[in-house]
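**Q** Chain residues, written in single-letter form:
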Amino acid sequence: GAGVSQSPSNKVTEKGKDVELRCDPISGHTALYWYRQSLGQGLEFLIYFQGNSAPDKSGLPSDRFSAERTGGSVSTLTIQRTQQEDSAVYLCASSRRGATRAEGGELFFGEGSRLTVL
Amino acid sequence: KNQVEQSPQSLIILEGKNCTLQCNYTVSPFSNLRWYKQDTGRGPVSLTIMTFSENTKSNGRYTATLDADTKQSSLHITASQLSDSASYICVVSAPYNNNDMRFGAGTRLTVKP
Chain A
1 GAGVSQSPSN KVTEKGKDVE LRCDPISGHT ALYWYRQSLG QGLEFLIYFQ
51 GNSAPDKSGL PSDRFSAERT GGSVSTLTIQ RTQQEDSAVY LCASSRRGAT
101 RAEGGELFFG EGSRLTVL
Chain B
119 KNQVEQSPQS LIILEGKNCT LQCNYTVSPF SNLRWYKQDT GRGPVSLTIM
169 TFSENTKSNG RYTATLDADT KQSSLHITAS QLSDSASYIC VVSAPYNNND
219 MRFGAGTRLT VKP
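Residue numbers (this note's numbering), protein chains in the order written: chain A, 1 to 118; chain B, 119 to 231.
Hints were generated in silico from the structure; no laboratory data involved. Model, not experiment: these values are computed from the prediction. Glycine residues also receive a C-beta, built at the ideal position from the N, C-alpha and C atoms. Do not rely on the hints blindly, as some may be mistaken.
Residues of chain A clear of chain B, computed beta-carbon distances all greater than 12 Å [claimed, not checked]: (1) GLY28; (2) GLY72; (3) THR76; (4) VAL117; (5) LEU118.
Here's a subset of chain B near chain A, in silico, CB distances under 8 Å, partners left out [what the hints assert, rightly or not]: (6) PHE221; (7) GLY222; (8) ALA223; (9) GLY224.
Over the 12 Å line for every Cβ pair with chain A, so calculated as not near, a few chain B residues [said to hold, decoys possible]: (10) GLY134; (11) ASN173; (12) TYR180; (13) LYS189; (14) GLN190.
With the sequences and hints as input, model every part of the structure.
**A** The structure is reproduced here in structure tokens:
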């Protein structure tokens, strides 16, 4: 597709269950980011992948959170033993190159996966 | 303390009116500053980007300004439309590595008929 694709768009789960969220970035984009957005709040950085480099996991809130990026393309964010405070919208973004470059590096966001933990 | 502060937190204006959103940052040095628009239930979309050497950048009815000396940016919306109702997020990028971005909490704009 032309844009960043995320699935599922909505996920309702019970406390203690594991969930997987998927992100399919724009083809050719080497950088991929996961963010979390709680209701009415700003974006919280979770994890960043750049090419074949080791991911920057500094934003993951606990060891229940993990993410993979296979073949430099699709990424999966996994939340184990979900808690109610995990309820949020999880946004994925990709960039043609590192987004801090002076020449631009625009982030292209998906529509997000809304997670509700009951 | 967040390195990017946006004000106001929320704003309500009438259709056709102008408004200005503020972004103050302490990130230094920085490589660029972007304004994103996030419609309800959607992902953010980039409106403008400015490097430290640029003072103003326009995108249709949106005009962003930057004062690198005072570390302030503003987003001015002219002749607002109902479709401008959204959250506007200021993002400042530092040149340290490819992931050194600081996000503001956003300003929630509501345009009423």
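**Q** Against the earlier hints, flag every one the structure doesn't satisfy and list their numbers going up.
**A** none
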